[in-house]
Amino acid sequence: MLNVEQISKSYGPVHALREVSIEVRPNEVVGLIGENGAGKSTLMRVLAGTVRPDSGRILIDGTSVSLRDSRHANACGIAMVFQEQSLLLNMSVAENIHLAQEGEFMRLGLLDRRRMNEVARAHLARVGLDVDPRTKAGELTFAARQMVELAKALALEQRTTAPLTIFLDEPTSVLESRDIAILFDRMRSLKSRASFIFVSHRLDEVLEISDRVYVLKDGAVVAERPAAEATVPELHAMMVGRALHSGYYREDRQGVPGAEPVLEARQLTVRGAFESVDLTLRRGEVLGVAGVIGSGREELMRTLFGFLPQTGGTLKVNGQEVVLRSPTQAVAAGIGYIPRERRVEGLVMDLSVAVNMTLANLDVAMTHNMIDHGRERTIADDWIRRLHIRTPSAAQVCRNLSGGNQQKIVLARWLTAKSRILILDHPTRGLDVGAKSEVYDLIRDLSAQGVGIILTSDTLEETIGLCHTILVMRDGMITGRLDAPAEAKPSQVAVLEHMV
Amino acid sequence: MDSPPQMPELPARARVSALTTGDGRGAGRPSWLKRRLAGMAPLLVLVALCILLGILSPSFFSFRNLVWGVANQAAIPLILAMGATFVILMGSIDLSIEGILCVGAMIVALLCANDTNTNNFGWLGPLFALLACTALGLVSGLVHVGLRIPSFMATLGMWFVGLGIGTVILGGTAVRVLDPRVRAMAFLRIGYFPMAVWVAAAVFVLALLIERRTRFGRYVYAIGGGEDIAKLSGVPVARTRILAFTLAGFFTGIAAVLASAQLGQANTTIADGRLFMTITAVVVGGTALTGGWGGVVNSLVGTLTVVVLANGMVLLGISPYVHETVQGLMIIAAVALSVRRGARLVIK
Amino acid sequence: MAKTDMVGMAPGAALSRVRPFTPVLLLVLLLLGIGIVEPGFLRAKDLSVVLSDASVLFVMATGMTLVIMLGGIDLSVQAGASFASMVVAELLPSLGYAAFPLTVLIGLAVGICSGFVHVKLRIPSFIATLATGGIMTGLSLLMEEGRSVALLDTGRHEVRWITGSIFGFPNVILIAAILAAGGMFVQRYTRFGRYSAAIGAGEPAAHAAGISVDRYKIMAFGLSGACAAFGGVLLAARLSSGSPDLASQLLLPTIAAVVVGGTAITGGIGNIGLTVVGTLIVSIVRIGMTFVGVDIFAQQIVFGGALILAVFVTIDRSKIAIIK
Amino acid sequence: MAIDHEMFRAAVHRRRFLAGTAALGAGVAAGALPRYARADSPPMLVTSIRSLSNPYHAVWKVGADAFAKQTGLAHVTLVTEGNSEKGISDINAMIAKTNGHMVLNVDPNNTPDARPIVEACAKAGVYVVTWWNKPADLHPWNFNPHYISHIEFDGASSGAYIADELFKAMGNEGGFVAIGGIISDSASIDRRRGMLAALKKNPNISLLDWQTADWQSQKAFDIMSSWLTRFGPKIKGVWAANDDMGTGALEALRSQGLAGQVPVVGIDGIKAAVEAVKAGEFVCTVTSDPYWQGGIGLSMGLEASQGKFDPAKEPRIHREFNATTVKITRANVDTYIKTEVDSHPQIDWTNLWNRVASPISYS
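Residue numbers (this note's numbering), protein chains in the order written: chain A, 30 to 529; chain B, 8 to 355; chain C, 346 to 669; chain D, 3 to 365.
Where hints are given, some of them may not hold.
As the list claims (entries may be wrong) - Keeping only pairs whose Cα atoms sit at most 25 Å apart, straight-line, the calculated SDA-like set for lysine to any residue is: (1) D:202 <-> D:177; (2) A:447 <-> C:490; (3) C:390 <-> D:44; (4) A:447 <-> A:511; (5) D:280 <-> B:126; (6) A:447 <-> C:535; (7) D:202 <-> C:490; (8) D:71 <-> C:637; (9) D:236 <-> B:316; (10) D:236 <-> B:68; (11) D:221 <-> B:323; (12) A:246 <-> A:417; (13) D:125 <-> C:506; (14) D:221 <-> B:328; (15) D:125 <-> C:637; (16) C:390 <-> D:356; (17) D:221 <-> B:326; (18) D:221 <-> B:47; (19) C:465 <-> B:326; (20) D:280 <-> B:194; (21) C:465 <-> A:354; (22) D:125 <-> C:388; (23) C:390 <-> D:121; (24) D:280 <-> D:258; (25) A:518 <-> A:282; (26) D:236 <-> B:325; (27) D:221 <-> C:506; (28) D:221 <-> B:336; (29) D:329 <-> B:122; (30) D:71 <-> D:307; (31) D:236 <-> B:128; (32) D:125 <-> C:498; (33) C:465 <-> B:325; (34) D:340 <-> B:122; (35) D:170 <-> D:121.
To be verified - Derived DEER-like restraints, expressed as beta-carbon distance ranges: (36) C:450 <-> B:142: 46 to 52 Å; (37) C:505 <-> B:46: 46 to 52 Å; (38) D:263 <-> A:132: 30 to 36 Å; (39) C:654 <-> D:74: 49 to 55 Å; (40) B:46 <-> A:288: 51 to 57 Å.
If you are wondering where the hints come from, they were derived from the structure by calculation, not from laboratory data.
For every residue, glycine included, the Cβ atom is placed at its ideal position computed from N, Cα and C.
Modelling step: build the complete structure from the supplied sequences, incorporating the hints.
Below, the structure is given as structure tokens:
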């Protein structure tokens, strides 16, 4: 029903897409995998109508269409659910679902808000989400928003006779495993209504949900497989061009943490988020915090970096009691933070690599209280070399770099700041396999250098794989503390039972 | 342009608040009640101010003052604020108010019976004034969107242009309006209220309908909430932006007609000081200059707050030497009490 | 976002290479244009007149630049300058030369207050500074019941360092030049400059990098206040008296000067070098109109049009994600 | 800033209205000036005023143009738009442009502006006349011969005069309200001083409240509305520092059906006020004559530059003086309208000193 034929698109010398052909059959889920820069997002933009291909054509039920813009793409039955949460937080769920499609609710030139809400409620019901369509999107959880986006995409079927294809761009990257299960469940039940193109970095998920899988590499399709016949290592190999070796999380390099504590929390409390949390982070230890959304772990992480002021308990850094009222104080105390929202909190996108690296500790780049641009440059170049950051130069603006490289720059910043404690808030979110493994290596290096690391991650597997110790939180309390030595990693089940 | 583009990013504003309010019952997120109260804050400020004045000056709550001292004086600022609201909701700003208002008033005066020329087109005067102001608003919009110039500068330019036109044609004279029908538009009393108040009320209802019950209204919020998302969802951003500025021009036109009718004359200084008062009113009402949050109801509250403040200073006979100081302090207090708390928004 | 825009305006790619120079280019064209119509304009003597008249505007625009870089705006500069002119006129007789630094310090303090109101009370700078400006106007009215204060002969002697000239070269231009150099230095070589750039371009990221955003914002407003005050001092010296509305009407030209230079009103992009050019463009358009003899009835229209045109040419859209 | 937004006699008829529009054409065409003035050619006439957005200065320009037409010399008008810097730099630009071969008639935007302007003129050999605003310690005789005269109109006496007329109309008893102009404006300050002085002489009259409306009728309208609710019938009269505010207040009264019952006074004699006097809604208004001001200043400069008289030899009363004002009351309003509003006064520009009234007193 939807055929992409021989699509090519290049920006200057870079070939984003090379004669890509993809077929989406009725009622099936097509998996689309590939590293960052493999051309996934460009392909999506082509289908969304926001980018015109240089050559090739798009067929819908055999008839060729040239998509003018996103509106037109919708009319042709192609809906997008973006990796970026693309809901307007200041508007109600119903308004979001019907955005730019209010036509059907106009009566005598006026919007019929009641009907708008009713219809929205129906759409929400279809994705099994029970929220008042009048609530503002900003008040929903990430998971709920994802569902709203799905509902928004589905709402299309009312408006178009064309068969519906929903393009899901890494919908799971911001979801908890529990929510992912729900999402997949919905997708399966919706297959009767629409076809899906499912993009993800998590190969296991792709295999779980897809019927067929396309592998993109360097802008070209390198393979197409029925999911049933494919395996994760195989796909990974095709995608990265190298085999997925054992010890994915570098368990072999997991050292033994030192004895002395670098960070101690006693009865740490933030009212309304979590209560009396005790934790001890030792030198060189990787401490994982697991828990579903709402368990308080997000807030715990942000509290440890001074975003949320603690309302009770004590916090000690290297034995010194500290009160962190702002990130400034946290940095002063030698704590570093790699945020979940890289593009917003991680980097100043329009400033250069070098500037971003020295942002947290400008002193290293200063000679008698003046910024020494030469010195700053050498520092930056040094990190670029040591962390294998792929960038034209240290003067390059971060916006143009891939997620993995951006993440390394954030890391480099804290290394420059000589932080002895690092808080990694979903450090591999949105990174492709290659970038991920590099980050894993870095984490091992850091812990080997005695840096204490507190980590939360999108997948339990990752948490278990990387950490020495795992704290499990539920309803704002610590409900479990498991050791995870390299040789005897606990099972996911073992962790899960503390979570729910 | 030699690397493939990536997905557009959410505006920082949206993302940051997503961080703090997104995660279930996040600590950064105030309770339902708190949020409702925060929404009410501007109104509470207004009520408090009124009570205070009522205590200090018995004549404040006198029916006469409420009608002539408050309602009648609020008419023109309210209409201006209605136009400004939509522009500000988009995160833009319209500085051309004074220029456009000046042109409008001038046209009214020169086309209907006046003491400078022999024209006497009666109703056509106000009509043409409306058309002209709407057209000027349209120009602001086209310049802003078409030339891709920040609205701040585009409308700043239009401000000068408008005043310039006024100066050229009036040549500095004050033109008196002699047409009784035009004067009636401000003074004719229906019920207890003068026409100006009814007009303002009508404009308010109109603006409310536009905000709540039209596509344009939705789109304005969408653009304010995140222009790139809106674009991707197929919102006609350019058209909406232009329309918003045109609408602002239209409302300014109505204000211009009322102003010339009320004063019985038009001159190039008729609009002096209107701009900052209008924007202050909108912000005091709790509409964010960054766009997306607030609305015409907020602007109504804000306008009343500002007008009551001015009215109160006269009622209390505060010395003109300290007017500006008192006003400044009161406005700081008002806004400080009514800004959106909770989510750490980037405030610029 | 930036990139998609670029894709949209593919031919503009070439344009974006000359972007950095467009403001200067515009300035040169402007000079030539006026020079052709009115050759007298380009005489060194007349240019020095133009420059010294532009210098006060520039001093105020410098402070404004720092604030706009952070994405804020300072509407209190004209009130601040007028206030300062009163203060310095009042203080000169009793304090002599000490009056100058003291006035600037007062300006700094007032600016810090504006910043504090904006940052700590979380009031949009547009309104916060509007209000603090009103307060300052009130104060300068109270000082002499609204009257202006003339500098006495002694005072006029003490402001020679501003009004005088070296080899026929007006000091005030030198002063402005020094300030410009200082400003550029601050922006390029100091913590403050670096951090305000970061805050302007991405406040949340700057915050998460441990930069105390609030502090630097307040500093920016403080400096803006100081610059405004200094501008007021220069004005008082040139007009040898202070008055509560001495700098009235200077606000819009100041903002125009900053933005016409190419600094983004939304913050992040820009620097004082651009403001130098912007100031020159604005004042040359203004004085040029008189020189060329544009009919005064039309001058405002021309000025408004010129503003729009200048901004159209100078702003670098490739860096502005969304044009609001 | 002298008269700031004062609305002076709106003596603009259709003729001039059209002329104004035509001026736009000329303006857009730009450069309607002789390119360069040689030393032997007659000097260029230059007028510098606040803006054309108020009738007072609009009429001023008309007078200046009339004089220029009569002499057949080129005339340029500069406006400060309330911006001292702009005003001064424009004048500097003109001096540079004409190589100092010009005469200047200037209404400085602000008291301080006078000094740099005069100094620049003296330096360049430009004959200059200033109006309304100058620092007290700046005197024409310190800049012989180029600084010819500084002329003002005694604001205090005007303020006092209209106050007295108002009190008479009130029957010398009861309360009245007063509206001032821009608070820091010298004219505003003087007129208020005069009003207060008059008040002292009338023990039975009380000043209910004094507020400022920045010369604007709109603000006066709002303030008056609030006053009416605050004082109601206690208001027996309205004193306004200029006619524009006066008419604003009058409209507020009209909206309450009080026009004509509560007497109003103002200064400037703008057309609206003159007609209000005729209608009995205004008691009186006072006018200096901007038409005359616009011409006479240039005339002084021209004659001096042509050596017809030597300013240095003139008595001091000719170098610094208050000029006479015209008082418009019920008594003379009809004739005034006939001679001044509906037609143009024929003025003998060569009679330089016939309106010298009194020396300027520095309080």
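> Going back to the hint list, which numbers does this structure go against?
Replying inline: The structure breaks hints 2, 4, 16, 18, 19, 27, 31, 33, 35, 37, 38, 39; every other hint is satisfied.
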